Amino acid sequence: MKFQSYPVAAYLAGKPTKTRIDIMIKKISLFIVLLALISVAAGAAVNTLVLDGSTTVGPLAKTFAAYFTKKYGVRVTVSESGSGNGAKSLINGSCTIATMSRAMKAAEIAAARQKGVNPVATIVALDGLAMVVHPANPVRSLTKAQISSIYRGAITNWREVGGPNTRIVVIQRESNSGTEESFKELVIGKGVPVTGSAETQSSNGSVKSRVSTTLSAIGFLGHGFVDGSVKVIAVNGVLPTVAAVKSGIYPVSRPLYFYTNGQPSGVVKQFVDLPKSAEGKRMITELGFINR
Amino acid sequence: MNIGTRKILDRSFTAVGIGSIIVMAIALMIVVLPIITNGIGAVFFTGTVEHRKMLFSEFKRGDSEGLSSEVASSERYRSKVYDMLTGFETELETMAPEKKVEYKAKYAQVRAALQALLGPLPGDSAPMLTRFKYGQTRWEKSEEKLHDLLYESKWDNSNPDVMSKEYFVSRAIGFQGTSLVKLFPYVKDNLEKMLLPEFTVYWGFITDSSVDSHFFGGIWPEIQGTFFLAVGAMLFAFPLGVVAAVYFTEYARPGFLNSMLRSANSTLAGVPSIVFGMFGLAFFINTLKVSESKSVIAGALTLAIMILPTIIRAAEEAILAVPKTYREASLSLGSTKWNTIATVILPAALPGILTGGVISLGRAAGETAPIIFTAAVSVGSAIGLADVFSSPTPALSWNIYNLASEHEAASQIRHVQYGMVLALVSIVLMLNLSAIVLRARISKKLKG
Chain V
349 MKFQSYPVAA YLAGKPTKTR IDIMIKKISL FIVLLALISV AAGAAVNTLV
399 LDGSTTVGPL AKTFAAYFTK KYGVRVTVSE SGSGNGAKSL INGSCTIATM
449 SRAMKAAEIA AARQKGVNPV ATIVALDGLA MVVHPANPVR SLTKAQISSI
499 YRGAITNWRE VGGPNTRIVV IQRESNSGTE ESFKELVIGK GVPVTGSAET
549 QSSNGSVKSR VSTTLSAIGF LGHGFVDGSV KVIAVNGVLP TVAAVKSGIY
599 PVSRPLYFYT NGQPSGVVKQ FVDLPKSAEG KRMITELGFI NR
Chain H
505 MNIGTRKILD RSFTAVGIGS IIVMAIALMI VVLPIITNGI GAVFFTGTVE
555 HRKMLFSEFK RGDSEGLSSE VASSERYRSK VYDMLTGFET ELETMAPEKK
605 VEYKAKYAQV RAALQALLGP LPGDSAPMLT RFKYGQTRWE KSEEKLHDLL
655 YESKWDNSNP DVMSKEYFVS RAIGFQGTSL VKLFPYVKDN LEKMLLPEFT
705 VYWGFITDSS VDSHFFGGIW PEIQGTFFLA VGAMLFAFPL GVVAAVYFTE
755 YARPGFLNSM LRSANSTLAG VPSIVFGMFG LAFFINTLKV SESKSVIAGA
805 LTLAIMILPT IIRAAEEAIL AVPKTYREAS LSLGSTKWNT IATVILPAAL
855 PGILTGGVIS LGRAAGETAP IIFTAAVSVG SAIGLADVFS SPTPALSWNI
905 YNLASEHEAA SQIRHVQYGM VLALVSIVLM LNLSAIVLRA RISKKLKG
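Chains as they are written, first to last, in my numbering: chain V, 349 to 640; chain H, 505 to 952.
Hints in this document: simulated from the structure, not taken from any laboratory.
Model, not experiment: these values are computed from the prediction.
Each hint can be trusted.
In silico DSSO-like links for lysine-lysine, alpha-carbon gap of 27 Å or less:
(1) V:K418 x H:K564
(2) V:K463 x H:K793
(3) V:K594 x H:K610
(4) H:K603 x H:K584
(5) V:K629 x H:K608
(6) H:K608 x V:K594
Could you put the whole structure together from the sequences, leaning on the hints where they help?
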């Protein structure tokens, strides 16, 4: 760096060298004021609903949020960080509604009570957990026992369940996921460990993309995430259709929840009650979830 | 070493050098080209009449007369399709029951494919979700959807020992002998007249909010959120960093404590960003409660802590690079220490300090991990400056991840994702460029 002796020379000559910094500061503060003006014009403060939790409930929460903001002018923000994080946020008081794809555990409820939070559940919709494989996989149906064996690591080859002779790539969700916990509870039993060779994906979307690109993979998805890139297989001979989930014939289904602190009231109640309205029901159906 | 070997070594070194530069350039091209080409596709693309309909009814943009004449001309061709559908529906009623069931399932698929192409068909109830209110808004996507309409994908599992193979069957063959068979060639030949593709420049991608979780609309809330977070982080980190650097270089007495502090600072610069994210959640939100939930302020503070070590280091280096003679000259003239720092050393070190600052600004704009738990949400409207203390915000880095992995229809909105990536890369690039320009200008001024 070639610094010539300008500042010192200027100082000697009695020139106010401070102006260099001063001008910079002036410019920067002008910029900030400008920014403030733009932003204040862009949005006025209103009360906000903060939703945090399940990635499975995500599409529903996001759609409800957009609808709610449009209809009532209340701002709603949605984060999808997993059911476990949703519960934690509610306990810490950092969200208004925790969206969860499983019921709160006793330990979580106890932790909440300790902090003076009283979690109240509202069921939003039902969801059939779809077992998915690559469309090229000829297997069309598995029993619950077979799926359980696959996830426990007792069955490791598709040949054992009537498929081609290839190793099964087992895909599960992370421990924070409500979908993972529902699946464990409904299929392999609480506390039974999943095979160590199972791959963990952190969201429904990434399970889908992994299964759709891996010929020998098996995974599970919230029903709203299923599209043509994966094939849904029947469990005990039943596909997760609306009727089958509603009537409870489909063995791997669970409710999706909104958890609030105390009985919801005011704007929160309006939001939580959306699934009861005709419009809410239509949104649920169009997103591929099932009305209660 | 004789001259021959030395020459060979010299040349081979040159060759390796040039080779590595070429490899680097190719790697950069492979990474950057798809980002640029696909990202530009979010703004410049061939839009259909459905896109113009969407713009008009969701954003009140476009001229209504031109649009209604376009809609009328596309409806002329569409109505024939609708007639064919109603014709087939009446034919379906007259069929034998078992045949009716068979055709009904196939017909439902055709209807679904047509809905994806043209939007809701007559007889459908108006959908709630904006994504189902319009047909294909992008021409290249509608060509894919046309393929879905014309061909059914089937899987050949004749050999049970291997995975099935995909093959396509023309749907028209399945409807042989019914009135619907005419529909397929008709749609294929007249798709352009039904959708009226036209080159579109959609600047709204940058300035609009998203509609129906990024299916339509733009990414303004994300851009604004990124901006707030990065500038906010800078507001905290820059003054603190410069003060700390001045302390380290000018005031701190060399000794054990000082060297410990310095090495702690260097270590902090190497800590993975997710650790700062968890720290931010635990400290700023759960302990200090700077805000009730995630908020821009919590995210900005977390990012500030993350970039602080870099700013301190850059500022320290810049201050140390100021020639000692400046200091001596100033002090010898009777100037105080503080006066020397403020009027001689800091101005001379300013280019270096600013460069460090702006590069950190770029890093703050691009980081995902620190804001996951402290500031970022997947959907939210653009926020005003008054809301930064209470509201979380969408931000480019987090929403790119969200669209890539968590979004329920990620594969359908790849163009949005690429658009976001390009926006983020451009923002960071512009920040870095402005750092270079700023530095050059200040250096020039200092030289007089």
